[in-house]
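Chains A and B, in that order, are what the protein sequence lines are. Be aware that the first sequence starts at 0, since it is given in numbering that gives the first Met the number 0, and climbs by one per residue. Be aware that the second sequence starts at 0, since it is given in numbering that gives the first Met the number 0, and climbs by one per residue.
Everything labelled a hint here was simulated from the structure, so no lab data went into it. Errors might be hidden in some of the hints.
[Stated by the list, open to error] Not everything, but these chain A residues come out facing chain B in the computed CB check (under 7 Å):
| id | residue |
| --- | --- |
| 1 | VAL24 |
| 2 | ALA73 |
| 3 | ASN134 |
[Unchecked claim] Within a straight-line C-alpha distance of at most 25 Å, the following computed BS3-like cross-link-like pairs (lysine-lysine) qualify:
| id | chain 1 | residue 1 | chain 2 | residue 2 |
| --- | --- | --- | --- | --- |
| 4 | B | LYS36 | A | LYS267 |
| 5 | B | LYS36 | B | LYS124 |
| 6 | A | LYS267 | B | LYS195 |
The C-beta atom is built at its ideal place from N, Cα and C for all residues, glycine as well.
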Amino acid sequence: MTGRRIAIVVAIIGLVIVPYVITEVYYVNIASQILLYAIFALGLNVLVGYAGLVSLGHAGLFGVASYAVAYLLAAGFGHAVAIPAAIGIGLLATAVFAALALRASGISFIMITLALGEIIWGLAYRWISVTHGDNGINVTTRPAPFGLPLSSARGFYDATLIIFLLAVASSAIFVRSPLGAALCGTRDQPRRMNALGFHVWMIRFMAFMFSGLLTSISGILFVYYNEFISPQALALTASAEGLLMVISGGAGTLLGPVVGAALVVIVKNVVSGLRFTVLSPMGFADLVKFVLNGLFQHWNFLLGAIFVAIVVFMPEGLVPGSVRLARAAWRTANRSKSARPAAAAPPAPVAEQKR
Amino acid sequence: MSRRVSRRTLLTGTAAGAAVALTRFPAPAVAQAVPFKLGLLTVKTGPLAAGGILMEQGVLTYLKEKNYTLGGRKVDFISADTGGNPAGAKTKAQELVERDGVDVILGPLAAFELYAISEYVIEKKMPTLSLAAADNLTQRTPNPYLLRASATSSQATQPLGHYAATELKLKRVVTISEDFAFGHEQMGGFQASFQKDGGCVVNKLWPPLVTPDYTPYIAQIVACDAVCQGFAGSNPLRFMKQYATAGLKYPVIAGEAGADDFLLKSFGEEALGLVSAAPYTLDLESDANHRFVDGMLKNYDAIPGQYAALLYCNCQVLDAGLQTVGGDARDREKLMAALKLVTLTDTPRGPIKFDHLNNVIGTIYIRRVVKEGAKYGLKLWNKTIHTYENVSQFWTWPEKEFLAHPVYSRDYPPLTKC
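Same shape as in the complex, but just chain B (with noise of 0.2 Å):
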């Protein structure tokens, strides 16, 4: 008996609440156009889930300072879990497309999840702003409705082999990476600079993505000057606290992932004096940095690093070509053209424009850990030391000579004696 009660109350209940939010709120988007709908690939499930869940506040952080409007349309917001696996990232963009019917893709979050949907992406012609850095859909075999405001894998780090070899003075360098395309794109971008500046990658090792213990690797660094490491998420964090406990004390530098600012509040002293290259740095002195910074800061009580800053660059990029396609995002061909040719001085990672094969141009910071001039409660920062400035995915080479070689791979650059 009591069963049946409460049943009817729950309909009664329901259908009151129904009745009285139908009333209450007469259907304002009737009055409106169709919003603009904006769908987020990002992973909240996994080892990248951190930098996945930073990716989804970017975006919002973005979308609340500009009141949920990109050139001057309203914004419905769809944000997808890929679980952080390239299968994942297929069936979820499927669901955004197909069923949601998304106006453009922000994402997804890692190279191996971009490889996979890319083809999907060019037969449905849907404009993806990427943070994924899967260097050959800007280079070999590049996809024209791929706009990459964030890097190529190996972007920040060819500029950080130049540095280790020119500054740092280091000779013989082992790489340690996960195994993916992320890893081997950044390591071997590491690599290629770095022995073309006179140093030598003496050993590559590839943990896989997940896995509970770094210590078979560690115990494989030896006779060596330094350690790269190009770990991804929350990995460094394990990496450098099994480093340290191994005793290990050759200096580590790192790829843009490897000492991103949001891992700043878990590090503790055995990331000290860590020196990593990446395209956004916390301490960058400019208004939409502190912009950015202050929203993150106010919204979520979160220390954002790039995950969230490439993210908010991505918005404001899709702001700006929105706006001059006067909100219309029904064209793609036009949406894209316009995105391509969109140039920004004011965002949190410094003025950035775009190459012809829709990559990013932009400054690469060399960053040091230190205790000194920390913010925002920190103990620890990452201190710029260095600038490199109007970076392009080809480094220094020619762009010619660049893309005639593999991209690269597990096995390219190959291990030479030297």
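Chain A with its partners taken away, still in its complex shape (with noise of 0.2 Å):
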């Protein structure tokens, strides 16, 4: 246990200092949008993780809550006006979808999330009064909380990341809460559930509502992080996006998401805009650098190959897929160890065993 608190504490640290470390404007800002990716992975694995519910239209909710401060801030509202209607929004919507979709469980969950995504990306791509449509609103300021500025990448980040780590937290407590564990028991065991007596139903709905919370409060900061919204943000490949982050990182564990969204976003912003210089004639290491070059410039394939590759060695992402190599590494170094001296064959592996 100290051990994790350790860790815990290194890795606060570690997030706090990141802006001193990489000072270049371009970077930090990187490390700002993993956050709120996180902020939003997280949320999603509250449903697909805990619940088992797989949600496909979670764009959908983090855009309503988009929407709603770009409009406000657009209409004059200041900022303590448009954050809190705008969170209060969002839930407002996921209320609504959580009792449409929970009516249903499994492919049809998938569905109705989905359509429901579909529709609210309708309604900002062709509602052209309310979201000015494909030209998208533009929000000119960020807020200052507490006389902070929020408009330095630095001071955005660290906005940033207060919010990520308080979903963190907030996450935490909620998954080891009764109310987590009862969650995870409608997952596993449904009817069993019921005939316990717990409101399966009602447990679903607050997990959606906890998960609608951390997806709006992500929309709100990608609004004020972009100072722009468009119909882009909500599309059907920005749900399948944040379900890749949930699923590559692994679902059901709180580090997942995380590390799943620093991975897609790496990938989608970083590696998609390295390029090296190939000399002609080509040599094999230019022949490398040109293969790679390819690749990187059509990231969408790098990042399938990622994904095909996670899902064939880390079926369960990679936090537990690492943690189980690790293990299964140590057990077999330790086990060689005290296997030398009886020089006996030694048992299979468990590791081995297990896969």
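Using the hints, put the two chains back together into the complex; each one sits in its own frame.
What follows is the structure, encoded as structure tokens:
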């Protein structure tokens, strides 16, 4: 337990000093993006990982809060009004989403959330008088809570980090609470939970609301980060990307969605822009660089390949998968040490059996 | 086992290759001054990609012609794909400015992208030579770091309105264009000048940028003399085909992108007679235009239209401006001031200069799609039938009067009974 605590403290210190280590504005902004998408993924993870309900419409919820805050700011309200109101509107939309989607589970749930997400995308795209359609809404100012302006990259990173840590902490508390335990119960044995007297629908509804809260918060951060919102942010691909963050990192773990968000954001923004200089005539190294350049340029393909690799080698996700592989390696190392003097054929390693 | 061997081979190969590469080319960058970093925001995916790729080819054609030097400095060219949406434009602009440290941005393509990055460009004091035609950024909310050698959205459609009313003698027109800033402003400009000269816009239709089928919109085209379309990218092709298939016979007139020269190779008979207004025309007989078209054909085997031509012009302006400041792009204000004063006579689009709001004053060409006189192996040809010289963004209105109106939008000018 103490080891865990040390790890947490080290991680927090590491996150706090990020803008001091990488001073380049561009990379500080990337770090902010990772954190805000991590909050989104944490929200989605509550449903996907702990409730076993796969939502393909979360970008819609994300968008409701985004558009609400952008619309209110453009209408002349202050940040102090716009942010709470946007969270309220986001929660309201979540409640409607939940009420409709929780009538089903499994594939029907996926399809209903997909449809709801598309409806919201359609509204953003075609309800021109409110959303300005494809032109989007510009937001010109970031708030300055307690006189600390968020207009600089570092200021914004710090604020996002605080919100991110609160999101992680609240997720941890939620998961460890009796409600969280009951939620996992409804995921694994909904009928038995029902027979035991738990109100399965209400438990799922509460989880949906908590998920909606985190999603709305990340939507608001997204607007302030980009100072702009247009329908692309709500498209199906955005929902799918969120889902990939959760699944690739490890659904049902706290750290998984964070790692997944980092993976997606980095491949999308950093790797996609990498270019090696290829000299001609091509030597072998240049050929390798040439191929890598192609991969970097078509980062969608690279990301797809990474996901396939994750599914093949770590189907449970990056975080649990790495933990499993590390443990297996550790055990194998220990076993071969103790087995050596005996010189007898060691029993098959545990990890092998598991596989 | 085999895997281990191959990995080792790979490593050795990489190391050997790198060693060879290093020894063969002793780093030339050290000997020279820092190159001038030129960033391009363009679109390589989606319906606007056809134009976006031509933008890049236009820039590269100029750079190749000048052996990759502008204003006496070696150029390092970086191209970024915005995906043709405002959020992507913002992300890519940040990438160019903050990561790549570019000195000047060319582009973006679409007006709604430019509106999304305008504030950012001012904040970063980044000289931006735009193709995008977001009217208000050189009108009521001028951006001091923006220079537009292309045209505002309405700069070509205002003369088109005049031509339609006075020469084509049209009375009642239905407009149809994409539902984004470029479409709104184009059609607004057309409506304002067309109605000033006695015409009447009877209906305005706004299909979304990405739509599989124009039929529901085409069905609403009734009771008029002609249709004015303001489509962009490759959308004009689809619209004209579906329009012809629907059996409509009203003549069609178009904005600058609606009959772009690069579309000529893909248009069929349905485009015959299409009248359009544009700041560039492929059939302009000038040295610069011949140089430019030959370069495009030689380098890319591509028949260019305005997307490539206007970017080529942007490069010419940048080249001239950099020459004035001796190639020193560090003082952004000084560079902007020099760029504003550039006047060129020999560009692919004819003579250009800038007004005090950083927008171009140049010729607008009225063309008609015909079969006769087609060159470069084309079957159809945009033949210039009229030219308006020294057209400013305010058309014939006095600047004050023009700016007193709101910017052209979906709802301005409003539809009136006429």
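Right, here's what the structure says about each hint:
no.	hint	verdict
1	VAL24	5 Å, holds
2	ALA73	13 Å, violated
3	ASN134	5 Å, holds
4	B:LYS36 with A:LYS267	23 Å, holds
5	B:LYS36 with B:LYS124	15 Å, holds
6	A:LYS267 with B:LYS195	50 Å, violated
Against the hints set out earlier in the document, violations occur for numbers 2 and 6.
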